[in-house]
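S.K.: As a plain string of letters, each chain reads:
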Amino acid sequence: MTVTINDVVVILPFLVASGGALLIILLDSFSAPRTPRRFLGGFTIFFLAVAALSAYIVPLRTESAFHGMVMMDGLARFLSVVVMLSAGFATLLAMDRLPEQGSARGEFYALLLFSAAGASLLASAADLVMVFLGLETLSIPAYAMAAALRRDVRSTEAGFKYFVLGAFATGFFLMGTALVYSSVGSTALGRLAAASASGWTEKPLLCMGAVMLLVGLAFKAAVVPFHMWAPDVYDGSPTPATAYFATGIKAAAFAALLRVVILSLPGMRAEEINGNEIGWHYIFWGLAAATMAVSSLTALVQKDVKRILAYSSVAHVGYLLIGLLAGKPGGAAVLFYLLVYTFMTVGAFAVVAYLENSKGGTKLSDYAGIAKRHPYAAAAMAVFLFSLAGIPPTGGFFAKFYLFKAAVQGGLINLTVLGVLFSVVSAYYYLRIVVAMYMEQGENQAVIDISPSAAVVTAICLCLLFTIIIGLYPTPYLSVAQASASMLP
Amino acid sequence: MLSYEAILLLIVLGIAISVVFVLISKFLGPKNPNARKKSVYECGAEPQGSARKRFPVKFYMIALLFLLFDIEAVFLYPWAKLFRELGFLGFVEMGIFMLVLIVGLIYAWRKGALEWE
Amino acid sequence: MISYDHYLVLALALFFIGVTGVVLRRNALIILMSIELMLNAVNLAVLAAARNMGDMYGHGLALFIMTVAAAEAAVGLALVLAMFRHRRTVNVDEFRNLKG
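Chains as they are written, first to last, in the working numbering: chain A, 1 to 489; chain B, 1 to 117; chain C, 1 to 100.
Keep in mind the hints are simulated off the structure, nothing from the lab.
All C-beta atoms in this analysis are idealised placements derived from N, C-alpha and C, irrespective of residue type, glycine included.
Treat the hints with caution; some may be incorrect.
Unchecked claim - Far from chain A, by Cβ distances over 10 Å, these chain C residues were calculated:
hint: 1; residue: Ile2
hint: 2; residue: Leu10
hint: 3; residue: Leu24
hint: 4; residue: Asn27
hint: 5; residue: Asn52
hint: 6; residue: Glu72
hint: 7; residue: His86
hint: 8; residue: Thr89
hint: 9; residue: Asn91
To be verified - Stretches of chain A that chain C covers, calculated by requiring three or more beta carbons in the stretch to come under 8 Å of a beta carbon on chain C:
hint: 10; stretch: 9-21
hint: 11; stretch: 91-102
hint: 12; stretch: 165-171
hint: 13; stretch: 178-188
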């Protein structure tokens, strides 16, 4: 039993983020009880930045460590950076908005760092045990973050719902792990790939375990029909937490789906048994179609901007599932999509955070006519919504373009047609918000009486900048995504 | 399987004998109950009110802390058993682990979770 | 002879009793217990499999599951308490501020 420098370097993003979290707990403990905790946000962003950079310290090749338990490859690096970005933006949103909404405590930042550390560990897991530990380090702080506004019953309820469904999903994931372990005799993802390569239809425990792993991860990623918690949790949680759940946690959940199902069970993709094709290819096909359809159609009738954005994030899970199915070209497209998706979704939630006040102000009717009072915020929101709908020249257009291109290359013509179709449907509900902002008359002028926040404005501007830059010149970002995905087996 | 026969026999006999004794005393024993006889005999004080009442939230707080710090012994025990094999590296790793726990304890202390009143 | 299959069937039975509890029961504390039952069923399956194969990794996994289950239970209990402070009940049917 030895630990080498290499071992430590490989999990450096995890160590930096969790070490930062511990330091913030201590700083918070020894600060005077009623002083503002804003300075902890600065520390958080510093640690997140160092963690993101430390993913790129090691030579850019696949490094395995701790007896093959963790593995730092392109996927792990890229997604660690996406998660740290998402957590950094969430910190910016939290610095001014959480104290106003009645949570002036420092724990939020520590929880955020712990959760980001877990996401980084999850992205670099090479063993089901590490996937489980990453998933839990990611999720348990998230339950508490959802309930951060202790005086708000909606926030507490969101935390409780997130907890019950999350723990339920963990149970399924663990039972899947147990069954796979008893069938294969190992939890290493590499051994799993070898065991599932042939004759898996003769191994009932492996099949059952794989299905349970898929169910557990589908809950975490909010795939229909396991998405019921997402709109409630996203709606009730404080907006900074929601922005992180919708982007950082989603990216990590997709890392897990990619590693556990797509890469580790390649043999179970599709096989012909008695004239019927079975395998996870068909399950994913159905899940992707159902996710796009149900979320897009439900979003049409929502009356709250946060809920519309929640269903929109579920819809994007559907598009990302198409990318997962598309094989080798799909990997780069999914990574690029997750990066762009993070900027535009965080941006949209940042505008929501900018416009909301202690009395709420996230209803669609509250947004009526706000373009007159807050022209810049409304314009930024419009750009993010256009990008989410995939309208050029925004980053969202290229993200969808490369994703569907990869899907066509992967032979998924039917799914691509469905994806384009539901993108058109989604444009309708995104435009509802734009129409409310620009064309309707505001009835309740007093509701959105906001206090300006420099940190939130910074987050909006950065997201806006990247959404537009990627829309105008996507090549460098795409090539980074391609380089990251090219290391995948 | 054979070695368990004796236990099965013991269980069956035990149940049978106790049922027989209860039945015998039920049919043969004289019965003239009064209030003192029907009270809880030599089992402590008379119960006052229902046992199903709400506990102060402080107990839950202590329970939460106990749950978290108690379960960590799960890792300490195997480490203690393998202390020599794991050597200095194991000691350092456990030190880091305890350090994390201590940070948690400091947090609980500074936030007043350890105060009873 | 009690074989590995018996343990597996018992573990799966316990697991699905837990699943049923989470889905059907309305008391938040019972839901917490059902989740614990699911995780402990997993522990049984893992330990039986590890013992069956003579592999030590399963024992390590069981330790991790126990610890994480405790951490999860602590957060869950804290959330139930927070919910109780708002609502004065632990019936989850009363937790419906977020139905959209």
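S.K.: It remains to establish, for every hint, whether it holds in the given structure.
M.R.: Here's how the hints hold up against the structure:
| no. | hint | in the structure |
| --- | --- | --- |
| 1 | Ile2 | holds (16 Å) |
| 2 | Leu10 | holds (13 Å) |
| 3 | Leu24 | holds (13 Å) |
| 4 | Asn27 | holds (12 Å) |
| 5 | Asn52 | violated (7 Å) |
| 6 | Glu72 | violated (5 Å) |
| 7 | His86 | violated (4 Å) |
| 8 | Thr89 | holds (12 Å) |
| 9 | Asn91 | holds (12 Å) |
| 10 | 9-21 | violated (count 0) |
| 11 | 91-102 | violated (count 0) |
| 12 | 165-171 | holds (count 4) |
| 13 | 178-188 | holds (count 7) |
Of the numbered hints given earlier, the model fails hints 5, 6, 7, 10 and 11; all others are met.
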